[in-house]
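Number of protein chains: 2
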Amino acid sequence: MFNQNKNHPLHHVVIVGGGFGGLYAAHHLRKAPVKVTLIDKRNFHLFQPLLYQVATGGLSPGDISSPLRAVVAPNKNTRVLMGEVTDVEPQQQQVILKDGELTYDTLIVATGVSHHYFGNDQWAQKAPGLKTIEDALEMRRRIFLAFEAAEKEADPEKRRAWLTFVIVGGGPTGVELAGAMAELAYTTLKHDFRHIDTSETKILLLEGMDRVLPPYQPELSTKAQASLEALGVTVQTKSLVTNIDDNTVTIRRRDRTEQVQAKTILWAAGMKASKMGKVISQATGAELDRAGRVIVKPDLSVPEHGNIFVIGDLANFPHQDENGKPLPGVAPVAMQEAKYVARLIEKQLRGETLPGFCYRDYGSLAVIGRHAAVVDLGFVKFAGFPAWLAWLFIHIFFLIEFDNKLLVLIQWGWNYFTRKRGARLITNQEVLPGQEVEDKNGQMPLKV
Amino acid sequence: MFNQNKNHPLHHVVIVGGGFGGLYAAHHLRKAPVKVTLIDKRNFHLFQPLLYQVATGGLSPGDISSPLRAVVAPNKNTRVLMGEVTDVEPQQQQVILKDGELTYDTLIVATGVSHHYFGNDQWAQKAPGLKTIEDALEMRRRIFLAFEAAEKEADPEKRRAWLTFVIVGGGPTGVELAGAMAELAYTTLKHDFRHIDTSETKILLLEGMDRVLPPYQPELSTKAQASLEALGVTVQTKSLVTNIDDNTVTIRRRDRTEQVQAKTILWAAGMKASKMGKVISQATGAELDRAGRVIVKPDLSVPEHGNIFVIGDLANFPHQDENGKPLPGVAPVAMQEAKYVARLIEKQLRGETLPGFCYRDYGSLAVIGRHAAVVDLGFVKFAGFPAWLAWLFIHIFFLIEFDNKLLVLIQWGWNYFTRKRGARLITNQEVLPGQEVEDKNGQMPLKV
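So the protein lines, in turn, are chains A and B.
What the first sequence shows, in my numbering, is residues 1 to 448, in sequence order.
What the second sequence shows, in my numbering, is residues 1 to 448, in sequence order.
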């Protein structure tokens, strides 16, 4: 029943993944003479750039999620299918789902990436990453349980370990998480405890390269680090995590090894393609890069399969950089790629074509705490409060639904002026604070 | 380290439970010459009357929860302890926690009730109840997965079962849930699907008594039933559920037995005291009623233990009704009891006393769908839109924090005018729609 009606004359575009790439592809095809099926495992689009706010209790999951069906409902040519694609058969032009199959004329794959642990998958239990709502709620659970456990802990050394938060990875996620953690510990929770002084919280941000935000201009990295340090974050660059065990992080830094006792370790490093990369590679022979991303042609199609496109974080698009460095895995790239592919499909249906995709970089930005950010618009770089405002409005502008924009703006204004964070529920709680480590040797269940 | 400082001259009040009873007790003691410890298993206060809105995607968990620490932070004499009380020792005046103990001068127990299945605990897996955030998210998951599964289902009979929702229990929770389900199926989701027509959804509300809202005046029950039926809900009174199995609900109604095929069964019936009832009974010899609630004295204390009070849903207060019927388990009762006990403690510290507790009933109300409700204020009863407005403002007024009031009001206004429900994420998803029943014989995991 998933099959296209054979009598239906319309070209059928199947989009796998409802992130920025998939959703914008559907959006730009809404008036094209095609029929669109948008497939996702989840029933909602997630605004990942604000996920760290959920992890730190500033926003609720519902604030940064939009039901895919509601978003796509006005597009009369589009249907949504909640399902998981397991394979692709380019000969039959079929995608195979767990519970059926579907014929396509054009396939757009936009399933993104997940975090990975550089071959140390056992770290997943100890240092949760931040890609899904469940990840964010797990981080939130651990962060707030740690303060609760510290409040109860009589032993000063153990209390210090509960109040030590290690964030691995100094990219935008790590930087934003560290800033939010500092705001939380040094401002929001200041008056909430009676035994501990949350200003003793240690927030350690580890980055393997020589500066935070390595993809940005060095001067912005410097400003970002200064802002983080002003907030109270300890930034350690050129620091590689070599082991995570028993609430101890082992760090190698300039040939020296040191160990940090920390009960809460948050993972913001490492990225690995979703498994659709492998599926596409096996089905089409397309080459993958080391992270498992599909290396695409200048028109974002897969070699020798002009009707299969890969866009967004899952695509490695190396054609624009003289060193062959792929475009970064950020929302603006996915959105522009989606628009390009939609336009290309329309052109091709008219027997026309388009020159290869060209990404227009409008800049990068990252937020640091309550009112500082760094913005690099190419022609101008700025930091501090104006950058924070720019960051805020750009993010709110790109939130998919108007009610989300409104809610996030209000929540944000409220949090800003009151320095509160209302959404700090510990949910899916299996153990009480202070118990889990003794019982389980630091291996809290990752399940949420 | 939980022990009171023996040199500290202040009377120590320990409150177990951060619901309406516990929180209001702490609030009314904030200026008393006492030291207060508020213990809860969770780190947040939950506004249970709006939990059905989370279950149906209208509000987010964060909207109806307030961090206990943040709420209590301004009360300088109060500390919050996240922990679970396992026992009470009246001789030593101690409460025993899972990880320590605590000495009290006065103990206030306000741990409320949970739902129960009339001895059929195996139904818990098949028909989740609605007492916690996790319960609400599990209901939300099942409700939205059911529509997704129906969209994919080719077999008409199975599709009908996916589109049949049975709500067991016609009290306020069941009535409000049924109204919200009707709004969801017949309005919100109307344009979101391509294969199914959500107006074919069947919502069946089952009540064992001869009318819905049995504690209210009969004329309001009649109005409530009429409003529900106008919304499209099938109301069946005098109907007892005798079995829930393999997605089939067996109903006995006037000596006839009928079976309904339904994939989603929501439990809004049955109430059982939290386990602190048993603990108090064993420790003090206090009598319990059939639901496990502690039968309290006119001053809400436990017989022969004048410094142990039980308030809120966990208390059976039979002194006001000529037939000895206890006060109902609603927030206003808990709040008034909390205030009474706080005043009594202050009086007792001055060597004075108070006459027994007397509940002042300001009325009852329940909401039905988007703009109908029933309100019974004793001297006046009304229904329809004015009742809905009254319901809305009373609920928002009693939301603990101002930012929650604001957010809920906006979210509500938005949902009202757009007929949308933004918070309909399916989270903690383990299986895709349409798979679980075949795989697991209808026993979806209740774990969230």
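Calculated from the structure, these hints are not laboratory results.
Note that the structure is a prediction, hence the values are computed from the model and not measured.
C-beta: ideal position from N, C-alpha, C; glycine also.
Warning: the hint list may mix true and false statements.
Quick list of the computed label-pair ranges, beta carbon to beta carbon [as the list claims (entries may be wrong)]:
id, chain 1, residue 1, chain 2, residue 2, range
1, B, Lys31, A, Phe382, 56 to 62 Å
2, B, Lys76, A, Phe385, 31 to 37 Å
3, B, Leu389, A, Glu200, 35 to 41 Å
4, A, Ser199, B, Gly378, 32 to 38 Å
5, B, Lys76, A, Arg254, 32 to 38 Å
6, A, His191, B, Pro355, 33 to 39 Å
7, B, Glu258, A, Leu349, 51 to 57 Å
8, B, Ser199, A, Arg30, 20 to 26 Å
9, B, Lys31, A, Ser199, 57 to 63 Å
10, A, Lys275, B, Glu258, 36 to 42 Å
11, B, Gln261, A, Gln282, 40 to 46 Å
12, B, Ser199, A, Asp321, 31 to 37 Å
13, B, His195, A, Phe382, 46 to 52 Å
Cross-link-like lysine-lysine pairs, in silico, DSBU-like; alpha carbons within 30 Å at most [to be verified]:
id, chain 1, residue 1, chain 2, residue 2
14, B, Lys131, A, Lys98
15, A, Lys41, B, Lys202
16, A, Lys190, B, Lys190
17, A, Lys190, B, Lys339
18, A, Lys41, A, Lys190
19, B, Lys158, A, Lys158
20, A, Lys31, B, Lys190
21, B, Lys131, A, Lys41
22, A, Lys272, A, Lys297
23, B, Lys98, A, Lys131
24, A, Lys98, B, Lys190
25, B, Lys202, A, Lys158
26, A, Lys190, B, Lys35
27, B, Lys98, A, Lys190
Hint-by-hint comparison with the structure:
1. Our hint of 56 to 62 Å for lysine 31 of chain B and phenylalanine 382 of chain A is violated, since their Cβ atoms are close to 49 Å apart.
2. For lysine 76 of chain B and phenylalanine 385 of chain A, the Cβ-Cβ distance of about 34 Å falls inside the hinted range of 31 to 37 Å, so the restraint holds.
3. Distance hint check for leucine 389 of chain B and glutamate 200 of chain A: the Cβ-Cβ separation is about 49 Å, which falls outside the suggested range of 35 to 41 Å.
4. A C-beta distance of roughly 52 Å is found between serine 199 of chain A and glycine 378 of chain B, which places it outside the suggested range of 32 to 38 Å.
5. Checked against the given bound of 32 to 38 Å, the beta carbons of lysine 76 of chain B and arginine 254 of chain A, roughly 48 Å apart, lie outside it.
6. For the hinted restraint 33 to 39 Å between histidine 191 of chain A and proline 355 of chain B, the CB-CB distance of approximately 38 Å keeps it satisfied.
7. Restraint check, glutamate 258 of chain B to leucine 349 of chain A: a C-beta distance of roughly 55 Å satisfies the suggested window 51 to 57 Å.
8. Checking the proposed 20 to 26 Å range against serine 199 of chain B and arginine 30 of chain A shows it holds: the Cβ atoms sit about 25 Å from each other.
9. A beta carbon spacing of about 28 Å between lysine 31 of chain B and serine 199 of chain A contradicts the range 57 to 63 Å that was offered as a hint.
10. In this structure, lysine 275 of chain A and glutamate 258 of chain B break the distance hint of 36 to 42 Å, their C-beta atoms being roughly 47 Å apart.
11. The beta-carbon spacing between glutamine 261 of chain B and glutamine 282 of chain A, approximately 41 Å, falls within the hinted interval of 40 to 46 Å.
12. Evaluation of the 31 to 37 Å hint for serine 199 of chain B and aspartate 321 of chain A yields a failure: the beta carbon distance comes to about 53 Å.
13. The hinted range of 46 to 52 Å is satisfied by histidine 195 of chain B and phenylalanine 382 of chain A, whose Cβ atoms lie roughly 51 Å apart.
14. For the hint linking lysine 131 of chain B to lysine 98 of chain A, the alpha-carbon distance of about 34 Å lies beyond 30 Å, and the restraint is violated.
15. Simply put, lysine 41 of chain A and lysine 202 of chain B have alpha-carbon atoms about 26 Å apart, close enough for the 30 Å limit, and the pair holds.
16. Annotation: proposed proximity of lysine 190 of chain A to lysine 190 of chain B is violated, straight-line Cα distance about 47 Å (limit 30 Å).
17. Annotation: proposed proximity of lysine 190 of chain A to lysine 339 of chain B holds, straight-line Cα distance about 29 Å (limit 30 Å).
18. Between lysine 41 of chain A and lysine 190 of chain A the alpha-carbon distance is near 40 Å, which puts this suggested pair outside the 30 Å criterion.
19. Proposed proximity of lysine 158 of chain B and lysine 158 of chain A is contradicted: the alpha carbons are some 55 Å apart, above 30 Å.
20. For a cut-off of 30 Å, the pair hint linking lysine 31 of chain A to lysine 190 of chain B stands: about 22 Å separates their Cα positions.
21. Of the pairs offered as hints, the one joining lysine 131 of chain B and lysine 41 of chain A holds, with about 28 Å between alpha carbons and a cut-off of 30 Å not exceeded.
22. Distance hint between lysine 272 of chain A and lysine 297 of chain A is fulfilled; the C-alpha atoms sit about 20 Å from each other, no more than 30 Å.
23. Between lysine 98 of chain B and lysine 131 of chain A the CA atoms are separated by roughly 34 Å; this puts the pair beyond 30 Å, and the hint is violated.
24. This hinted pair checks out: lysine 98 of chain A and lysine 190 of chain B have alpha carbons roughly 27 Å apart, not beyond 30 Å.
25. Taken as a hint, the lysine 202 of chain B and lysine 158 of chain A pair is broken in the structure, with Cα atoms around 55 Å apart against an allowance of 30 Å.
26. Restraint check: the Cα-Cα separation between lysine 190 of chain A and lysine 35 of chain B comes to about 20 Å, which is no more than 30 Å; the hinted pair holds.
27. Pair hint lysine 98 of chain B plus lysine 190 of chain A holds up; C-alpha atoms about 27 Å apart against a cutoff of 30 Å.
Hint violations for this structure: numbers 1, 3, 4, 5, 9, 10, 12, 14, 16, 18, 19, 23 and 25, all remaining hints satisfied.
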